[in-house]
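Trainee: With the hints as constraints, model all of the structure from the sequences given.
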Amino acid sequence: MATLQGRQTTWSLFRANRMGMAGLILFLFFVLVAVFGPILWPYDPMEFGSPADALQPPSAAHWLGTDDMGRDVLRGLIAGSRVSLVVGILATVVSMSVGAFVGLVAGYLGKGVDAVLMRFTDVFLVLPWLPLMLILAALLGASLWNIILVIGLTGWAGTARLVRAQALAVKERPFVERARALGASRWGIMGRHVLPNVFPLIFANTILIVAVSILSETTLSFLGMGDSTRPSWGMMLHFAFASGAISNGAYWFLVPPGLCVLLVVLAFTFMGYALDEVLNPKLRRR
Amino acid sequence: MPLLDVQDLHASFVIRQGTVRAVDGVSFTLEEGESLGLVGESGCGKTTAALSLLRLLPPNGRIDSGKILYQGRDVLTFNAEEVRRFRWKEISIIFQGAMNALNPVQRVGDQIAEAIRLHQPISQKEAGKQAQALLERVELEGRRINDYPHEFSGGQRQRVMIAMALACRPRIVIGDEPTTALDVMVQAQIFELVESLRKELGMAMILITHDLSVLGDTCDRAAVMYAGQIVEIGPIEILFQSPCHPYARCLLRSFPRLQGPRSMADSIPGTPPNLIEVPPGCRFHPRCQEVMAICSREQPLLLERGPRHNVACHLYGKGIDDA
Chain B
0 MATLQGRQTT
10 WSLFRANRMG
20 MAGLILFLFF
30 VLVAVFGPIL
40 WPYDPMEFGS
50 PADALQPPSA
60 AHWLGTDDMG
70 RDVLRGLIAG
80 SRVSLVVGIL
90 ATVVSMSVGA
100 FVGLVAGYLG
110 KGVDAVLMRF
120 TDVFLVLPWL
130 PLMLILAALL
140 GASLWNIILV
150 IGLTGWAGTA
160 RLVRAQALAV
170 KERPFVERAR
180 ALGASRWGIM
190 GRHVLPNVFP
200 LIFANTILIV
210 AVSILSETTL
220 SFLGMGDSTR
230 PSWGMMLHFA
240 FASGAISNGA
250 YWFLVPPGLC
260 VLLVVLAFTF
270 MGYALDEVLN
280 PKLRRR
Chain Z
0 MPLLDVQDLH
10 ASFVIRQGTV
20 RAVDGVSFTL
30 EEGESLGLVG
40 ESGCGKTTAA
50 LSLLRLLPPN
60 GRIDSGKILY
70 QGRDVLTFNA
80 EEVRRFRWKE
90 ISIIFQGAMN
100 ALNPVQRVGD
110 QIAEAIRLHQ
120 PISQKEAGKQ
130 AQALLERVEL
140 EGRRINDYPH
150 EFSGGQRQRV
160 MIAMALACRP
170 RIVIGDEPTT
180 ALDVMVQAQI
190 FELVESLRKE
200 LGMAMILITH
210 DLSVLGDTCD
220 RAAVMYAGQI
230 VEIGPIEILF
240 QSPCHPYARC
250 LLRSFPRLQG
260 PRSMADSIPG
270 TPPNLIEVPP
280 GCRFHPRCQE
290 VMAICSREQP
300 LLLERGPRHN
310 VACHLYGKGI
320 DDA
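These protein sequences, in sequence, are chains B and Z. Counting in numbering that gives the first Met the number 0, the first sequence runs from 0 upward without gaps. Counting in numbering that gives the first Met the number 0, the second sequence runs from 0 upward without gaps.
I should point out that these hints are in silico values taken from the structure, not numbers from a laboratory. There could be a bad hint or two in this list.
Unchecked claim - Stretch by stretch, here's where chain B covers chain Z in the computed footprint (C-beta under 8 Å, at least three residues):
hint, region
1, 84–92
2, 102–116
Unchecked claim - Here are the computed lysine-lysine pairs in the DSBU-like style, where the Cα-Cα straight-line distance is at most 35 Å:
hint, chain 1, residue 1, chain 2, residue 2
3, B, Lys110, Z, Lys88
4, Z, Lys128, Z, Lys88
5, Z, Lys66, Z, Lys128
6, Z, Lys124, Z, Lys198
7, Z, Lys198, B, Lys110
Please read these numbers as outputs of a predicted model, since none were measured by experiment. Here a beta-carbon is modelled for each residue, glycine too, at the ideal position from N, C-alpha and C.
Mentor: Right under this line is the structure:
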C-alpha cells in the first residue's frame, strides 16, 4: 500500500520522476508569476491605450506587443495567470468535495442510497458537459465565483465513481469493523477511517482535474462566458479572435495566451501522471 | 445475577445458497471477572456468537431471537444510540490480526484516543495523555503514540490493540484468537500481559481460541461449540480431565501430548455439517462413534451434569443415566 510509506518515500519517488519534476517546476514558475507578477507589473483591463498603440508587434516598450485596445499583452498574460490558476484550483476543490462526498456516502452506506446517488451521478456523467456548462454559466451570470461553481458542479461525477469504488474496498477492511466496535457513528467512520484511506488513491486524479478545470475556464471565457473584469487567458483568446487578430497576422496577441494554457495544463498533467505512478504501486517502474 | 446472561441466542447469515444458521440456540452465563473459553472447529459459530454480544454482525447477518442480558438489561432491545454507547464501554474486543484492525493512515495514539473520546467528553489533549499511559501499561514506550501502525512489530501491534481494548475500562473483553499469526514466544508474552491486566482490572473475558494450552492456562470455564450449538460447557479442569460429550472428547484429544507415550493426534472422521441444512437430531451424530438410534431423531438438550457443568448428549440423558 502506498499509504503505508512515509511522506519521505513518496517525495523521493516523486523527485526521481523526471516528468513529475518538470511539471512541478513549470507549476511553481506559474505560481510565482501569479503571486508576484501583478504586484510588479500592475495591469488594469479597463485602461485602454491610444488607438495608435493598438495591435503593435513586440517592441522594447511592449515585449509581447499590444492588443486591439492598446493594452500590453505581457501584462495581460501575467494578470491572466492568476485567474486561470485560481479558477482551476478552486473549481477542483468544489468538484472534489462534491464527488468525494457523494462517492463516500454511496459506497459506505450502500443499498438504496448507493443506487439513487449513482444513477444521479450517471446523469452527470453522460450529459454533454460543454452545453451544460454554457447553460449554467448563462443562467448564473458571468462572475469569477460563478465560473468556479459551474466548472466544479459539472465535473464531480468521475470523482464520485472513483471514490465510491475505493470506499467499497476500504469499508470491508477490519479496522472499519473495529471502529464500529468502538461505538463510532457512520459519519465518524466515513470521515475518520474511510476518507483518509481513500484520499491518497484519488490524489493523483485531483491534480489531473485541475488541468481539466483550467481548460474548461479557458473554453468558457473563449466562448464569451467569462468575467470581463478579470481577464483570463481564455478571454484574451476571445478578444484576439473577435478583433480579427488571426486574419491580421497579429500572432503576438494569439500565441502567448494559447501557449500559457498549454504549459499550465501540461504541468498539471505531468504532475498528475507522476503522482499516479508514485502512489499506485501497480504503475510504478521497477 | 450474572454479569452476562445469554439465553437461547439464534443468529444467521443470508447467502446466495440459503440461510446459514451460524448460532443456533446458544445459552451461557459469564460472572464478573470470570474467563470463559470458546472452542470448536472453524465455522462452528464462535466468532458469530461473540460478535452478536456487541450486535456487530456484518450486513448480511442478523440476530433472529434470544436474549443477551447484560447486568439484567437486554442488549437486543437497545436502540442505535444505546448500542453505540454500550459498545467498547462495556464490552471491548481484541481483534485477530492487529495489522488490519488498525487504521494504517492514523497515528496509534489518535486511534486509542478515538476510543476514549467516543465514550468520555474529554479533550483531545487529555485523551492523548491517557493513550500514552495505556501504551505504557502494555509495556510500550509512551512516546510511540505518535507512530503509525506500520512502525510497530506484530507483537507490538497486538499490544496496541490490548491498550485500545482497555481504554474505556470495560467489564468484559472478548479475545478473538488474539495471538494468531504471532510466534510462540510473543504469544506467551501477550497472554501473560492480558492475564495480569485482566486480573488487575477485574475484567471478565471471553476467549475464542484454537490453542488448547492457552485455553487451559487462561480460562476458568470453557464452552465447546459444534455446528452453532454449545455441546458441553463447564469448569476447565473437568473438561480437560473428563470431557463427556463425544465431540469434546475428540477435540480435546486431538491435541498431542508432550508427556507420556508418543501417539498420533486423533482426527475426527467426517466433516462438520453444512449449516444451511443441518442433520436432524444431534448434529454430531453422523460423525459420532457412540451413536444411538435416538441420536438421529431427537436433539439432545443441554442438561446439567454437575455443578456449572452442562452437556448436550443422549448418552447422559435422563433415563440412561438414572438407570
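Trainee: Against this structure, judge whether each hint is valid.
Mentor: Hints versus structure:
1. Look at the region 84–92 of chain Z against chain B: 7 of its residues bring a Cβ nearer than 8 Å to a Cβ of that chain, three or more, so the hint holds.
2. With 6 residues carrying a beta carbon less than 8 Å from a beta carbon of chain B, the region 102–116 of chain Z meets the three-residue requirement, and the given coverage holds.
3. A distance of roughly 30 Å separates the Cα atoms of Lys110 of chain B and Lys88 of chain Z; the hinted pair therefore holds under the 35 Å criterion.
4. Proposed proximity of Lys128 of chain Z and Lys88 of chain Z is supported: the alpha carbons are some 19 Å apart, at most 35 Å.
5. For the proposed pair Lys66 of chain Z and Lys128 of chain Z, the alpha carbon gap of about 38 Å is over 35 Å, so the pair is violated.
6. A hinted pair counts as satisfied when its Cα atoms are at most 35 Å apart, and Lys124 of chain Z with Lys198 of chain Z qualifies at roughly 29 Å.
7. With a CA separation close to 44 Å, the supplied pair Lys198 of chain Z and Lys110 of chain B exceeds the 35 Å bound.
The structure fails to meet hints 5, 7 from the earlier list, while all remaining hints are met.
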